[in-house]
Amino acid sequence: MRKIGIALLLGCCLLTAEAQTQKESAPQVPKVKVGDVAPDFTLVDQNGQPHSLRDYKGKKNVALAFYVWAFSPN
Amino acid sequence: MRNFQQNLAKLEAADTQVLGVSMDSPFANKAFAEQNGVAFPLLSDIGGKVVQEYGIYKEYDKFNTKIPAARRATYLIDTNGNVVDMQVDADAVDPTKTVTLCERRKVKG
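Here the protein sequences line up with chains A and B, keeping their order. Using the numbering used here, read the first sequence as starting at 1 and increasing by one per residue. Using the numbering used here, read the second sequence as starting at 1 and increasing by one per residue.
Take the hints with a grain of salt, since some may be wrong.
What the hints assert, rightly or not - With a Cα cut of at most 27 Å, we get these calculated DSS-like pairs of lysine-lysine:
| no. | chain 1 | residue 1 | chain 2 | residue 2 |
| --- | --- | --- | --- | --- |
| 1 | A | 31 | B | 97 |
| 2 | A | 57 | B | 49 |
| 3 | B | 58 | B | 97 |
| 4 | A | 59 | B | 108 |
| 5 | B | 30 | B | 58 |
| 6 | B | 62 | A | 31 |
| 7 | A | 60 | B | 62 |
| 8 | A | 60 | A | 33 |
| 9 | A | 60 | B | 97 |
| 10 | B | 97 | A | 59 |
| 11 | B | 58 | B | 10 |
| 12 | A | 57 | B | 62 |
| 13 | A | 31 | A | 60 |
| 14 | A | 59 | B | 10 |
| 15 | B | 30 | B | 49 |
It should be emphasised that the hints constitute simulated quantities derived from the structure, not laboratory data. Since the structure is predicted, the reported quantities are computational estimates derived from the model, not experimental observations.
Please construct the entire structure, taking both the sequences and the accompanying hints into account.
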């Protein structure tokens with residue numbers, strides 16, 4: 001019985017610790033919205049090549065995919 | 001980004017350039033691209049200037065520290081430079097909607 005009590009207590013501690021590490025700051029609210037002109041930028045890719053949004057103007061659509069960090073699952 | 005890689009041929013066929021953006025270094029992005037077979041540009045926004053300008057900056061509490069990064073978000077920008085669709089967080093993971101929108105734009109010409 002005592003062992004079960006200790007196990008439960010430990011479990012609760014772990015859950016609390018987990019909840020604390022998962023707590024995240026409020027994210028920024030998107031500034032660029034549908035209908036806006038997409039702000040231009042120039043950034044360097046994985047091979048050191050610069051890319052600007054304006055390079056594609058009049059030529060292609062751009063799917064601009066922001067991701068959280070490299071090696072994140074999606 | 002693997003989801004976008006899997007749909008890359010369809011997006012390219014619909015005249016769409018895929019650009020990934022994160023606050024990682026080009027070195028991390030190079031390793032990430034090589035490990036996952038990512039064939040489109042992964043852009044490095046170190047310091048998060050562009051991420052902040054788009055308004056999708058977030059500090060993630062991981063490993064007892066705050067790690068600044070972008071939220072997961074997909075913007076579809078047309079050939080005039082206008083935002084025609086946006087998806088944020090969990091919605092942005094699956095690119096199916098983006099693919100469909102691009103294919104429809106292509107048909108309309």
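Here is how each hint holds up against the structure:
1. Between residue 31 of chain A and residue 97 of chain B the CA atoms are separated by roughly 21 Å; this keeps the pair inside 27 Å, and the hint holds.
2. For a cut-off of 27 Å, the pair hint linking residue 57 of chain A to residue 49 of chain B stands: about 21 Å separates their Cα positions.
3. At most 27 Å may separate the alpha-carbon atoms for a hinted pair to count; residue 58 of chain B and residue 97 of chain B meet this at roughly 24 Å.
4. Restraint check for residue 59 of chain A and residue 108 of chain B: the C-alpha separation of about 15 Å stays at or below 27 Å, so the hint holds.
5. Between residue 30 of chain B and residue 58 of chain B, the direct Cα distance comes to roughly 23 Å. Compliance with the 27 Å bound is thereby established for this hinted pair.
6. Restraint check for residue 62 of chain B and residue 31 of chain A: satisfied, since their Cα atoms lie roughly 25 Å apart, inside the 27 Å limit.
7. The hinted pair formed by residue 60 of chain A and residue 62 of chain B fails the criterion: a straight-line CA distance of about 38 Å is larger than 27 Å.
8. Distance check on the hinted pair: residue 60 of chain A and residue 33 of chain A sit about 20 Å apart at the alpha-carbon level, within 27 Å; holds.
9. With a CA separation close to 18 Å, the supplied pair residue 60 of chain A and residue 97 of chain B stays within the 27 Å bound.
10. For the hint linking residue 97 of chain B to residue 59 of chain A, the alpha-carbon distance of about 21 Å falls within 27 Å, and the restraint holds.
11. A distance of roughly 31 Å separates the Cα atoms of residue 58 of chain B and residue 10 of chain B; the hinted pair therefore is violated under the 27 Å criterion.
12. Our distance criterion of 27 Å between C-alpha atoms is broken by residue 57 of chain A and residue 62 of chain B, whose separation comes to about 38 Å.
13. With a C-alpha separation of about 23 Å, the suggested pair residue 31 of chain A and residue 60 of chain A falls inside the 27 Å cut-off, and the hint holds.
14. The straight-line distance between the Cα atoms of residue 59 of chain A and residue 10 of chain B is roughly 17 Å, inside the 27 Å bound, and the hint therefore holds.
15. Of the pairs offered as hints, the one joining residue 30 of chain B and residue 49 of chain B holds, with about 21 Å between alpha carbons and a cut-off of 27 Å not exceeded.
When held up to the earlier numbered hints, the structure conflicts with 7, 11, 12 and fits the remainder.
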